[in-house]
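First to last, the sequence lines map onto chains A and B. In terms of this note's numbering, the first sequence is numbered consecutively and its last residue is 268. In terms of this note's numbering, the second sequence is numbered consecutively and its last residue is 521.
Be aware that a few hints might be false.
Which stretches of chain B does chain A cover? Using the computed rule of at least three CB atoms under 8 Å from a CB of chain A, they are [claimed, not checked]:
#1 191 to 200
#2 301 to 308
#3 327 to 336
#4 380 to 394
#5 399 to 405
Some residues of chain B that are not near chain A, with every Cβ distance over 10 Å (derived) [said to hold, decoys possible]:
#6 G367
#7 K439
#8 A503
Since the hints were derived computationally from the structure, they do not count as laboratory data. Idealized CB from N, CA, C, for every residue including glycine.
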Amino acid sequence: MSENNLHNEQKLLNLLEKKFILKGGSVRRERRVEVKVEPKEIVPVLLYAKENSGYTAFTHMSCVDWIEDGEFEVVYILWHPEEKINFFVKTRVSRDNGTLPNIDFIWRQANTYEREIREMFGIQFEGLVGREEFILEDWEHMPPMRRDFDTVKFVEKTYFERPGREDAKDVREYVQERTDEELPDFAKKYSRD
Amino acid sequence: MREKSTTLYIGPQHPGITGNMMVKLQVEGDTIVKAETHVGYLHRGFEKLMERRNWLQSFTIVCRICVPEPDPNEENYSRAVEEIEGREVPERAKYIRVMTLELARIATYLLWYGGQSGSAGLLTMGQWSVGDRNYILDLFEDLTGGRVYHMYIWPGGVRRDLPEGFKEKALRTMDYLEKRLDDYDKLLFENSIFQKRAKGVGIIDKNKAIEWGVVGPPLRGCGIQSDVRKDDPYEVYDKLDFEVPAMEGGDVWTRALVRRFEIRQSINLVRQVLDKMPGGEYYNKIPNPHKWTIPAGDAFVKTESARGEFGYYMVSDGGNKPRRVHVKGPAYVHGITLLENLLVGENVADVSFIMNSLGTCPPEIER
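Taking the hints into account, I'd like the entire structure generated from these sequences.
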């Protein structure tokens, strides 16, 4: 791929580098541009991309838990309908009481994404208006998409076995008893004890 | 005189709702003044499950995210893994993938025919089109072993080569379906009940559509030619010849027509792919799945599914399990912010009609 082909991608990056303080930026490949910013720069960068650079479509917003760094990475993905480029804006916030600016006044569908991230990760969005509950109803535990939320432990603690399974016997053991067949080694490995 | 306002709950179990979700409506007389989408009846936690499974085990559950059209999930998942890892896919596999995706698109539209006409009270249409969809499911059964969930497009290529006689059978099915399209036109599009119900209902504002996050047939039904297959070509779509139908109007009627024209394009695409398909390998073998690690990195890939742009955002930390997989389905916007706004001012009898025209699919909202 020649440099010439990435002209539009590079153009956006150069503009943003002049206007804003970026923590990093690169052209990932054809049709993919990425910048990293501080949380306070999110609204200016997104507004600039939408109003001045033609990135009018809000494609996606996602959150990744980097528990070892004590941070969440939030990714905003925009789309340029004419130049056909996806623009990634990444920012990092603390895992404890992390807050981000609300952007649903720029794209109203961002409201849904923010509600989900608030519920699943526990990031607060300043000024986010909307129903508190999105998917989880009456949830009192840790936000479940955090890495330290252990699904198996939660299930073992919260739910009980259906009546009639008190012996907690593996179905393979029943089969073995009934047929006098020796269980193969690979099947034993996954049995309950 | 202002009529008394009443709250109506449609769903989560309701024949007119496209899956398990609920629309809470505030109605005055027959007119909706406020609509709210409530989800949470179908959350299976796929994204969390994938964080505990290795790369190949995660592949087996992604198809469950969408029942009517599971293949874009598989294709997106595989392509995201391949992009992060830098794994090459054989040319033949790419052609087979495109064929699978297009067959899935036709099958989804045939199912949609049933939902769209059924919500207008025209039940014969669904009997015909869902019956014809079975011929495509037969093809899938021959190709993958599964009728609904295929688990066929996996990282590195596809799981099996085409079985013997598949090409001829697929071409025969395409010829049959093409003939049937005229029958469908007579039954649905020339039906005055459907025309009266569909024209001028659920209008999306063309100037706002892109900003609101509308994608797929609803966007093309506003007259905007937007299709991931053309805008951000993947697999071998840039080597194939097809058109992107778009129509001005923005109502249920144009959305239905756009889908109808797309079926014909997809039939042609399947023919082209079968014609141009090169020989050779169909799978670039992955290492032992238990020891298979993917270098650290992230990728966002997109596919044009039958309901619109489908995307996967995937992050790897260099381990043998995904760090994060975030599924973006078109219904995430169509079913919540768009639907809530479109329903205001509409008749309460048109709720499921509009929902079907947007292709709302709750499993994509909750995952």
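Comparing the hints with the structure gives:
no.: 1; hint: 191 to 200; in the structure: holds (count 4)
no.: 2; hint: 301 to 308; in the structure: violated (count 0)
no.: 3; hint: 327 to 336; in the structure: violated (count 0)
no.: 4; hint: 380 to 394; in the structure: holds (count 3)
no.: 5; hint: 399 to 405; in the structure: violated (count 0)
no.: 6; hint: G367; in the structure: violated (4 Å)
no.: 7; hint: K439; in the structure: holds (22 Å)
no.: 8; hint: A503; in the structure: holds (26 Å)
The structure fails to meet hints 2, 3, 5, 6 from the earlier list, while all remaining hints are met.
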